[in-house]
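Trainee: Order-wise, the sequence lines are chains C and U. 1 is the number of the first residue of the first sequence in the working numbering; add one for each residue after it. 1001 is the number of the first residue of the second sequence in the working numbering; add one for each residue after it.
Check each hint, because a few of them may be wrong.
[Stated by the list, open to error] Listed next, the stretches of chain U that the computed footprint assigns to chain C, with coverage defined by at least 3 CB atoms under 8 Å from CB atoms of chain C:
id	segment
1	1022-1034
2	1044-1053
3	1061-1072
4	1186-1192
5	1253-1261
[To be verified] To list a few chain U residues with every Cβ distance to chain C over 12 Å, as calculated:
id	residue
6	Thr1116
7	Ala1119
8	Ala1204
9	Thr1211
10	Gln1295
No wet-lab data here; the hints were simulated from the structure. For every residue, glycine included, the Cβ atom is placed at its ideal position computed from N, Cα and C.
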Amino acid sequence: MRQWELLVGEVLAPARGYVELRLEATQALEAEPGQFFMLRAGNLPDTYLPRAFSWYRQDAPRRLSFLFRVEGPGTRELARLRTGDLLQAMGPLGRGFPLPQQPIRAAILGGGVGVPPLWGLAKALLQGGSDVLALIGARAKAHIVGAKEIAALGARVLVATDDGSEGYRGPLTDLLPEEGIDAIYACGPEGMLRRVQQISLADGPPAYLALEAPMACGYGVCMGCVVERAEPPSDQGEYGRWARVCREGPVFAAQEVRL
Amino acid sequence: MTGQAVSFAGLSLKNPVLTASGTFGYGREAAELYDLGLLGGVMVKGVSREPWPGNAPLRVARAPGGMLNAIGLQNPGLEHFLSTDLPFLRRYDTAVVVNVVGHDLQGFVDVVRGVTGQAGVGAVELNISCPNVADGLLFSQDPASARKLVAAARQATDLPLVVKMSPNVTDPVALGLACKEGGADALSAINTLLGMAIDLRRRAPVLGNRTGGLSGPAVKPVGLRIVFDLAAQVGLPVIGMGGIETGSDALEYIMAGASAVAVGTAVFRDPLAPPRIVRELVDELEQHGFESAAQAWAAANPAAKEAAS
Ligand SMILES: Cc1cc2nc3c(=O)[nH]c(=O)nc-3n(C[C@H](O)[C@H](O)[C@H](O)COP(=O)(O)OP(=O)(O)OC[C@H]3O[C@@H](n4cnc5c(N)ncnc54)[C@H](O)[C@@H]3O)c2cc1C
Ligand SMILES: Cc1cc2nc3c(=O)[nH]c(=O)nc-3n(C[C@H](O)[C@H](O)[C@H](O)COP(=O)(O)O)c2cc1C
Ligand code: FES
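Just chain C, same shape as in the assembly (with noise of 0.2 Å):
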């Protein structure tokens, strides 16, 4: 983990309400798919906070993009930086996807905010030799991220939206096949999380879920971000709870965390 100045590059607007930040360092920036960054921008009173975001792509080794939806101060802030523009980054942060020693066969799946890190995940298990089949969610066509440029990694994309207007219309889970996956990795709204969980839990294949949570720090220091553990650390009494999404997290294995 370092501080990082980053150049703002292009400002991509990929779909309703979102915005790609492509922004470029002075060295390599090498990070893991599901790490994250805490970005920060300006200096206005309610965005004292850095903010927490996945990086999404990356096409040489000192550029890398964020892809973010605007919901409050931090990002619209965020969204207001142009070309030209400097932002500070923390990062790498957390434990990202684990990736598998030999090919196999992969569903990945995000909705929303929580399909920028599969860009890096579905790299990075193609290069292991992995078959991989990405679901992406959306509410509806126009709000649709990351489908296009996952495929173009050459993964297998199926779209599921709220209300039908592209793809399957329903819940992304109700895509995944029922044989033939060796591990899903899912990234996304706790609804969704939640049943890949059961799904995993209930004899299917290992699962691996990106949380996400409210932070301050992001690398461990204020105890904020916190997740149930499914089985507590027996020698830690009441206070072994908890997990650290920034820390033990943002990515843990479907038997870990009680949603």
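Starting from the structure of chain C, add chain U with the ligands where the hints point.
Mentor: Then chain U with the ligands, alone, in the frame of chain C:
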């Protein structure tokens, strides 16, 4: 006294910059980034007799010029602190101040006694000012119960005894005086200010605990006012904190009467803030014509001036 070192209340610090309790864990994460020996001291996360789980999420929220937290003093307890965290901190040449919490008087006293006589503990800090647990402000509500607690802790230890003051009281000076009567060696101020944030979408408070503690630059004026009053009217050394982001903020606190300062929330924005503030304070002192922090303190501190006249 020359250079950066300060010494007060039986505590000797190589420089006047510490890290505030609860924003630094037990030092492990920061030690990956820099040598903790650069710091005057580390005030560790609150330690209770038994492990405490803390509050249910959500535990942090944004606030203008800072943040709200309702962590609820999640900590692994005294035994873990002594067996794991303290030995880790002992490896660094920096003062360790143990922040102590309890549900009742005996809970506080047991931790104070437990850390007394342990190598590497420089002082204890009684946290009677946490707004995020049900009984956190119990001993701040009236001076008499604060005095009783401090006196009991005094009986249990010969370590420098610091008491952390709440800004959520009408009369911090009365509380400080009671702590002095109880046998405190120093005061620290301020803890967080009780506050709240509302989530418009959920139509409910953002935090799981509903209320939380406000910290960061937004609280600096409150911290300065309380440190000024305590230093001038109680007559104990004060460790000042609340919204310190730069060397110049640190010097403001010193001129308000603080003998040393602690950096809290600033480390969330900038993990390297504490060693940066150590450096900036040196420059800042020089710019204002001081040779040391102790000299700046003496020049501006009302209590010191009074004693001299
Ligand atoms: C590991 C990780 C990776 C992430 N990756 C991505 C990513 O790749 N792309 C992406 O788009 N997002 C990502 N997120 C989510 C992102 O961090 C949030 O969307 C961002 O923090 C929102 O900040 P904001 O200031 O824009 O919105 P805020 O308004 O601060 O927060 C959004 C929501 O919380 C409520 N809220 C929170 N605090 C308050 C408050 N004090 N007062 C009132 N309401 C409040 C708001 O109503 C709103 O619903 C990630 C999060 C984590 C933890
Ligand atoms: C996340 C968080 C956790 C804290 N935990 C403790 C604690 O365990 N014990 C304590 O005495 N103070 C605790 N505090 C208060 C700080 O030590 C400090 O007094 C306060 O935040 C003001 O300083 P600042 O504005 O520099 O953060 C905590 C503050 C924050 C933000
Ligand atoms: S965000 Fe501070 S501990 Fe995880």
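Trainee: Next, verify each hint and record whether it holds.
Mentor: Here's how the hints hold up against the structure:
Closer than 8 Å: that is the beta-carbon criterion, and the segment 1022-1034 of chain U has 9 residues meeting it against chain C, so the requirement of 3 holds. Check on the segment 1044-1053 of chain U: 5 of its residues sit with their Cβ under 8 Å from a Cβ of chain C, so the three-residue criterion for coverage holds. A count of 9 residues in the segment 1061-1072 of chain U with a Cβ less than 8 Å from any Cβ of chain C is obtained; the coverage claim is therefore met, three being the minimum. Figure legend: the segment 1186-1192 of chain U, annotated as covered by chain C; annotation inconsistent (0 residues with Cβ-Cβ distances under 8 Å, at least 3 required).
Counting residues of the segment 1253-1261 of chain U whose C-beta sits closer than 8 Å to any C-beta of chain C gives 0, which falls short of three, so the coverage hint is violated. Taking the minimum C-beta to C-beta distance to chain C, about 23 Å, the non-interface status of Thr1116 (chain U) holds against the 12 Å cut. At roughly 24 Å from the closest C-beta of chain C, the C-beta of Ala1119 (chain U) stays outside 12 Å, upholding its exclusion from the interface. Distance check for Ala1204 (chain U) against chain C: the nearest CB is about 15 Å away, which clears 12 Å, and the non-interface claim stands.
Against chain C, the non-interface label of Thr1211 (chain U) holds: every CB pair exceeds 12 Å, the least being about 15 Å. Even its closest Cβ contact with chain C, about 33 Å, leaves Gln1295 (chain U) beyond 12 Å, as expected for a residue assigned away from the interface.
Against the hints set out earlier in the document, violations occur for numbers 4, 5.
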